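**Q** These are the residues of each chain, in order.
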Amino acid sequence: DTGVSQDPRHKITKRGQNVTFRCDPISEHNRLYWYRQTLGQGPEFLTYFQNEAQLEKSRLLSDRFSAERPKGSFSTLEIQRTEQGDSAMYLCASSFIFGGNGYTFGSGTRLTVV
Amino acid sequence: AQKITQTQPGMFVQEKEAVTLDCTYDTSDPSYGLFWYKQPSSGEMIFLIYQGSYDQQNATEGRYSLNFQKARKSANLVISASQLGDSAMYFCAMREGSNYQLIWGAGTKLIIKP
Numbered sequence: 001d002t003g004v005s006q007d008p009r010h011k012i013t014k015r016g017q018n019v020t021f022r023c024d025p026i027s028e029h030n031r032l033y034w035y036r037q038t039l040g041q042g043p044e045f046l047t048y049f050q051n052e053a054q055l056e057k058s059r060l061l062s063d064r065f066s067a068e069r070p071k072g073s074f075s076t077l078e079i080q081r082t083e084q085g086d087s088a089m090y091l092c093a094s095s096f097i098f099g100g101n102g103y104t105f106g107s108g109t110r111l112t113v114v
Numbered sequence: 001a002q003k004i005t006q007t008q009p010g011m012f013v014q015e016k017e018a019v020t021l022d023c024t025y026d027t028s029d030p031s032y033g034l035f036w037y038k039q040p041s042s043g044e045m046i047f048l049i050y051q052g053s054y055d056q057q058n059a060t061e062g063r064y065s066l067n068f069q070k071a072r073k074s075a076n077l078v079i080s081a082s083q084l085g086d087s088a089m090y091f092c093a094m095r096e097g098s099n100y101q102l103i104w105g106a107g108t109k110l111i112i113k114p
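Quick note, the sequences are listed as chains A and B, same order.
In terms of our numbering, the first sequence has 92 at position 92, counting the first letter as 1, and numbering is strictly consecutive.
In terms of our numbering, the second sequence has 10 at position 10, counting the first letter as 1, and numbering is strictly consecutive.
Calculated directly from the structure, the hints in this document are not laboratory data.
Quantities reported herein were computed from a predicted structural model and do not represent experimental measurements.
Ideal Cβ placement from N, Cα and C applies to all residues, glycine included.
Check before you lean on any hint, since a few could be wrong.
What the hints assert, rightly or not - DSSO-like mimics (lysine-lysine), calculated; alpha carbons at most 27 Å apart, straight line:
no.	chain 1	residue 1	chain 2	residue 2
1	B	K109	B	K16
2	B	K3	B	K113
3	A	K57	A	K14
4	B	K73	B	K109
5	A	K57	B	K3
6	B	K109	A	K11
Unchecked claim - Partial chain B-side listing against chain A, Cβ under 10 Å, derived:
no.	residue
7	Q6
8	P9
9	F35
10	Y37
11	G43
12	I46
13	F47
14	A88
15	F91
16	C92
17	A93
18	R95
19	Y100
20	L102
21	A106
Bound conformation, chain A alone (with noise of 0.2 Å):
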C-alpha cells in the first residue's frame, strides 16, 4: 500500500461550478476523514466514514458540500456552485478504529476558485 491518494493534486476552477475530489484510505483502515486547509492556518474538520457510514458532518460543511464513501472504499467530496472562499487545501487522513494513534494523511487536493 502506497498511502493515502488524492486525486487531483490541483484544481484550478470558475465561481459557480461543481468540483468533485477524490480520496483513495489505506486499505485497512476503517475510518476515514476530511480536512480543509486555508492559507496559513491549521486544517479543519470537515467530516469522518467509518467504513461507508458518515458518522459527523462540522458546521463548515455547507449544502453545497457533500461527501460520500461508497462501500467503504474510497471517498469523494464535492462542491457545488464553488466560491472564492472555498479556494484551501482539502486533505484526506485514514486511519484505524482502534488500535494506534495514527492519522495517514494524503499531499491534498489544491483548490482555487477564481
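Following the hints, position chain B against chain A.
**A** Here is chain B on its own, set in the frame of chain A:
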C-alpha cells in the same frame, strides 16, 4: 478560546543545532492525545510523534522528542541536530477523549539555515 496555541509563527535555526517548537493546549478532558505533524511545501501532512495524556514518559522518535509538561499544558517538539530537510511547517494537534477529529494549531514555519 484557542484549544491549541503555537506562539512561534516562524523560526530560523542554524543547521545541526537543536530546535524547540512550542505548543500549549487547553482541555478539561483527562484523556487526550497530542500529535506533531510536519508539512513540507508539497502539502502532505507527515506524522512525527504522539503523546498520550496518561503516558508516563515523554515520547521520542529518532531525532524528535516531545517535552510534555502536563501541569503547564505544554507539549513542545524538540528536534535534535537539525537538517536542511527539516525546513517545513510544523503543526501541533490534539484529540480529546474518544473524539475522532484533530484540533490543530496555526503552525510554525521552520527554516533551517546552512
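**Q** State for each hint whether it applies.
**A** Structure-based check of all given hints:
1. B:K109 / B:K16: 17 Å, holds
2. B:K3 / B:K113: 31 Å, violated
3. A:K57 / A:K14: The hint holds at about 26 Å.
4. B:K73 / B:K109: 22 Å, holds
5. A:K57 / B:K3: Given pair K57 (chain A), K3 (chain B) holds - Cα atoms ~20 Å apart, limit 27 Å.
6. B:K109 / A:K11: With a Cα-Cα distance of about 25 Å, the restraint between K109 (chain B) and K11 (chain A) holds, given a limit of 27 Å.
7. Q6: 8 Å, holds
8. P9: Because about 9 Å separates P9 (chain B) from the closest Cβ in chain A, which is inside the 10 Å limit, the hint holds.
9. F35: With Cβ-Cβ at 8 Å, under 10 Å, it holds.
10. Y37: OK, holds: Y37 (chain B) within 10 Å of chain A, min 8 Å.
11. G43: 4 Å, holds
12. I46: Given a least distance of 8 Å, the restraint on I46 (chain B) holds.
13. F47: This interface hint holds because 5 Å falls under the 10 Å limit.
14. A88: Since the shortest Cβ distance to chain A is 14 Å, the answer is violated.
15. F91: 5 Å, holds
16. C92: 8 Å, holds
17. A93: For A93 (chain B), the interface hint holds, since the closest Cβ of chain A sits about 7 Å away, which is under 10 Å.
18. R95: The hint holds - R95 (chain B) has a Cβ within 10 Å of chain A, the shortest such distance being about 8 Å.
19. Y100: 6 Å, holds
20. L102: 7 Å, holds
21. A106: This interface hint holds because 5 Å falls under the 10 Å limit.
Consistency note: the structure conflicts with the earlier hints numbered 2, 14.
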